[in-house]
Amino acid sequence: MSPASTGASTVVGADPAVPATDSRMVPGGPGYRRMSFALFLAGVATFALLYSTQALLPLISGEFGVAASDASWTVAAATGGLALFVLPMSALSERFGRRTVMTASLAVAVTVGVLVPLAPSLGALIALRALQGAALAGLPASATAYLAEEVSPRALVTAIGLFVAGNSVGGMSGRVITGWVAQEWGWRIAVAVIGVIAVACAVAFRLLLPAPRHFRAGSLRPRVLVRTVRDHLSNPLLCRLYAIGALFMTVFGGVYTVIGYRLTEAPFSLPQGIIGSIFLVYLVGTLSASTAGRLVGRLGRRGALYAGGATTAAGLLLSLAGSLPLVLLGLVLITAGFFAGHAVASSAVSKTAEHGRAQASALYQSAYYIGSSAGSTAGAVAFHAGGWAGTVGVGLLAVLGVVTITVLGTRAARARRRLAAMV
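479 is the number of the first residue of the sequence shown in my numbering; add one for each residue after it.
To be clear, the hints were calculated from the coordinates, so they are not data collected in a lab. Fair warning: there could be bad hints in the mix.
Simulated restraints, written as ranges between beta carbons of each label pair [what the hints assert, rightly or not]:
id, residue 1, residue 2, range
1, A585, L897, 48 to 56 Å
2, W663, A585, 23 to 31 Å
3, E541, V674, 17 to 25 Å
Where is the CB? At the ideal position from N, CA and C, for every residue including glycine.
Can you build the whole structure from these sequences, using the hints too?
See the structure below:
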């Protein structure tokens, strides 16, 4: 299928700094496995830390005597901090290098992780989580920019899919581990265990990640940054991808923030350890993210986005059932649809941006985590007002937004083709 028919940029992964004889990494080539595993571990650490309190929200509500909408801020503050700082951190990565910024970000985030279990109040816990999220902001945009520079364009979707798969493993393992540890020793010990795991991932990441070969230092001048951001925001395709990422994450953030509260209530009344194990469905996300490249190859980018949206919507509707197996199947579909859509949209951003890739990725990540914060808060408020059906309603509206934006992109592509045919 041609670029015009898929909506893909006709300049895929172009980089004038790379010589005609492309020396970038390819699957099976030198350094590719080390690079993939290093960024996989970075993804594990990022999501394990970022969502370390999500499966523990009922326990946090119980200790501090607050409602779900209040406790959900321990998640929303972390993702909000990341959303606010991802663009400035991406600018630092343009100047000082992707690997340097990613290493520093992980170091600060795991240091804050030592303090999180000691928080004396909900307010202090939320503040520490916001700081931790801000520190983690150096990872997502820098990682995708590193891949766009160091990996061959034909392998980019697969490489980014593996990084996203690391995110899913981190999110899954963090929630499963905290669920069982918290059941025995409380949420504070559970969060501390995640901190220790993240330290190990951070050390291995720094030892394994190959030094960049194609990085070219940019400028930290505000005028240059503003111009680059303005260029990206004036690109209709990039703006659509940013909105799609935010809407997909609105669904995911809302569902996984609230699901613990639903499963502790009748008719399920599950213990904390079992609720944590529910997050094993993240393994489905690992698979769907890592196979996103093949999905795009078969359906095109917009076709893959339609498939991701339809799968997510089906999962939301199925989760309304009062049967635990059907709820679990619904979570499987939501997770598969979300991770596929996210991998497709994020890799399309890296391909579409012809300059300032770190800023382009940063804007995507900012929108993505704003969606997470909005979903966590809106999902919790909707659950308080209307139960699980309210949370599902928020998710379905977000999926409708994804479909609408993708349809608009299809129409815009057709209009461009008609115009080109007339010239």
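Checked hints:
{"no.": "1", "hint": "A585 <-> L897: 48 to 56 Å", "result": "holds, 51 Å"}
{"no.": "2", "hint": "W663 <-> A585: 23 to 31 Å", "result": "holds, 27 Å"}
{"no.": "3", "hint": "E541 <-> V674: 17 to 25 Å", "result": "holds, 22 Å"}
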